[in-house]
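Asks: Read in order, the letters of the sequence shown correspond to residues 1 to 96 in the numbering used here.
No wet-lab data here; the hints were simulated from the structure.
Computed from a predicted model, the values in this text were never measured in an experiment.
Every residue gets a Cβ at the ideal spot worked out from N, C-alpha and C, and that includes glycine.
Accuracy of the hints is not assured; some may be wrong.
Simulated restraints, written as ranges between beta carbons of each label pair [what the hints assert, rightly or not]:
(1) Arg96 - Glu74: 31 to 37 Å
(2) Lys80 - Gly56: 37 to 43 Å
(3) Asn55 - Leu88: 23 to 29 Å
(4) Arg15 - Met93: 34 to 40 Å
(5) Arg84 - Gln47: 17 to 23 Å
(6) Pro81 - Glu11: 42 to 48 Å
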Amino acid sequence: MSARGVLAHDEEPTRESCEAAVAEARTLAAGLPADDVSRYFAERDIQQALVEAGNGEFDDCVEKAERAALEVRERPHSLKPGERLNILRADEMPPR
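Build the full structure now, drawing on both the sequences and the hints.
Replies: The following block contains the structure:
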């Protein structure tokens, strides 16, 4: 069950519910191979969830963590054999 499902309907997410959602998403993501593209996207969502938590936005934290868990469960991103995800650093420009 997701962390949001544990909360009462009118109850706002808390730091604890955020941490629980992030922990669940991390566990799920860790179950995928390190080079899996869905794991990559899930880890980005987890990272954003932690940023939201740091800003006190626990509802957004839970939402991002749930999106990460969904990424792992449904695996909407995939690469064909031989394809790879080209990840640029912040200071890099894509080749033209």
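Asks: So which of the earlier hints does this model not fit?
Replies: none
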